[in-house]
Amino acid sequence: MGKNGSSRITVLFLAALGILLLFLPSMIPRFYTYILSLIFVTALLAMSLNMVVGHGGLFQFHHCVFYGVGAYAFALMITKAGLPMWLSFIAAPLASALAGLMIGWLCVRLTKLYFGMLQISLGSLIWAITFRWYSLTHGDDGIHGIPMPGLIAGTTGAYYFILLFFALCLLVMYVIFKSPFGMTLQAMRDNPDRCAAVGINVRRHQLTAIVVATFFAGIAGVLFVVLERTVFPDLLFWVLSLEVFIMCLLGGWFTFAGPALGAAITVALRTFVGIYTDYWTLVLGTLLIFLIFFLPEGVMGFILEKLESRGRKEVSGPRGV
Amino acid sequence: MLRVENLYKSFDGFMAVNGAELLVEKGRRVAVIGPNGAGKTTLFNLITGQLKPDRGKVRLDDEEIGHLPPHEVCRRGIARSFQIANIFHRLNVFKNVQVSVLSRQKNSNRFFYPAHRMAVEETDRILESVGLLDRADDIAGSLSHGDQRILEIAIALGTEPQLLILDEPTAGMSPDETSATMALIRRLSETRGLTILFCEHDMDVVFNAAQSIMVMSHGKTIIQAEPGEVRRNRAVQEAYLGGEEDA
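Protein chains in written order, with the numbering used here: chain A, 18 to 338; chain B, 17 to 263.
Isolated chain A (complex conformation) (with noise of 0.2 angstroms):
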């Protein structure tokens, strides 16, 4: 019964993470609270875009733009349209939904790397646009000083709407991840055509992904301006969107982890190496060189792979659905 054992041990860690997690913000200085918040608005953007990626076998390449729309979005609501935060901070995922909903249904139509090309000429085609239309977005300027509320306006109080916020995204992607919806995604990714094969319209349910994992980055993008109150273009450039692809190797892209686990560690390098050098890429590219030889399959695919083999050593444990 090592499966039952091992899922018990996952379950302890979570909730003692998780009340770490919960005091952590009175024990550390502000700005460990404030690189805490970043990184889990990281991990919630770099899992959105697993669920494509890692989980969907589709080469979302540019997959930061729907981060940027719902940033944007959030941002024009509140001091263009100035609609109330509740109804923004729903609406602007939405927003990204639905521009992962009209570039989606187009890239559908292609496989595998043409996939990836028409999608990251779509997306720079929305940063080019938000770049460009100054009277609306202030180009490169981006707009500052967006207003929150008190309750959420220090950086205490973003980190724990942002962690609930995290917490809440993980949990419905962790049940996605593993309904039928999420296994047949990852069938997907094994092979489309066999999927076809035995009645699955693949188009449509990679659609949908891209809608859902869009709508999830749209979130990340809001939490963001949550902790940041601003908006800029590089929110959609394709360097970002790289970066967060690299986190997802990183981690381990057929993890469900994995990804949070690779932007803790893009994160912490950029912040910390960044101090002493502005080569810190340097080092990423270095990190992920180890990587691609040593652990193909991410720093959590490693992990559980350990564990496993250490599990099935112990006992063979019961049907491991």
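The hints are simulated quantities; they were obtained by calculation from the structure and are not laboratory data. It is possible that part of the hints are untrue.
Short derived list, chain B residues pointing at chain A, Cβ under 7 angstroms [unchecked claim]:
| hint | residue |
| --- | --- |
| 1 | G53 |
| 2 | T57 |
| 3 | H105 |
| 4 | L118 |
| 5 | S119 |
| 6 | F127 |
C-beta: ideal position from N, C-alpha, C; glycine also.
With the hints as your guide, set chain B onto chain A.
Only chain B this time, still in chain A's reference frame:
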């Protein structure tokens, strides 16, 4: 049940299927044979929607299905296996079949219910019937080639087909595996009344298992008849023995 009439398909001017005719009656085991490159796999792909015919008809009962996409063909009761083991490599054996059962139950799109509680009995039953139940937890990609081919049949069975199409089900198998697979196919046809259409290189296998044989050469149907008659047919002997140049 299934009737193919005057079917054509060309690739860049090469006539892969060049006037094929086929009749599959309910409950029968029908084989398609022919030299390499005769168009057997293309014919199957045309029937199951992986390819669209240039001309001709594919009729299932009274419906024209030649222009339907694969998932629609499957929903009408035709399941298939592929020549190259076509499974979900990273999922375990159980899930491989479960995906297919969930699809048939129209549950593939459910978001908020744990998949591991769904379709368990039916999946287990299918795995048991093909003899893979004790491998249920293994990752599909780690199975032997023979077991992967069997798993493929199990995936196809998950859709509860009326007609099962098997593209060289025993290719690459050892003699033991081959006879076990053919016994399985025979059992499926006899106990469940499943209609089976398959193609195969091994003539012993074909003449033992099939009740009707269609012979193809250069994309064209030479004859479709009972095994005894096919064996005696001159045109068939020519196609196989007389100056068949393509390998």
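Here is what the structure says about each hint:
Hint status for G53 of chain B: violated, given a least beta-carbon distance of 22 angstroms to chain A, over 7 angstroms. A cut of 7 angstroms between beta carbons decides the hint on T57 of chain B: the least distance to chain A is about 13 angstroms, and the hint is violated. Taken as an interface hint, H105 of chain B checks out: its beta carbon lies about 5 angstroms from the nearest beta carbon of chain A, inside 7 angstroms. At a threshold of 7 angstroms, the smallest CB-CB gap from L118 of chain B to chain A is about 5 angstroms, leaving the interface hint in force.
Checking S119 of chain B against chain A by beta carbon gives a least distance of about 5 angstroms; that is within 7 angstroms, so the hint holds. A least Cβ separation of about 5 angstroms between F127 of chain B and chain A falls short of the 7 angstroms threshold, and the interface hint therefore holds.
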